[in-house]
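*Asks:* Sequence:
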Amino acid sequence: MKILNEEHFQNVKRYAESIGDTSLQNCLDRLKSWEDNPDHPSEISLYYDHAPYSFGFTQRYPDGSIGIVGGLLYHGIPDRSFAVTLQPFHGWQMHT
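Residue numbers for the sequence shown follow the working numbering, so the first one is 1 and each next one is one higher.
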């Protein structure tokens, strides 16, 4: 996984640990599994998103083509992720 803003990444990880939330790590593990798909290996780039404690991501394949583009968004209280959710959720979710 390519982390394009290491400082933001570390701050978000520390925040998740401080509130005892594992949903961020669950999302990171899911993205890692996409990279490790033996039939379609790829690299995920994780980058800064303006929503608090959130990221955008892009999946790229070895030939340079782009796969899924989405967000790894933090739904806090209040939720400032600018994403629509059908059911209230506190923690990180992937949006594609």
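Misleading hints may appear alongside valid ones.
Quick list of in silico lysine-lysine cross-link-like pairs, PhoX-like style, CA-CA up to 25 Å [what the hints assert, rightly or not]:
{"hint": "1", "residue 1": "K13", "residue 2": "K2"}
{"hint": "2", "residue 1": "K32", "residue 2": "K13"}
{"hint": "3", "residue 1": "K2", "residue 2": "K32"}
Quick caveat, the hints were computed from the structure, so don't treat them as lab data.
*Asks:* Against each hint, give a clear statement of whether it holds in the structure.
*Replies:* To see whether the hints hold, each was checked on the structure:
no.: 1; hint: K13 x K2; result: holds (15 Å)
no.: 2; hint: K32 x K13; result: holds (16 Å)
no.: 3; hint: K2 x K32; result: holds (11 Å)
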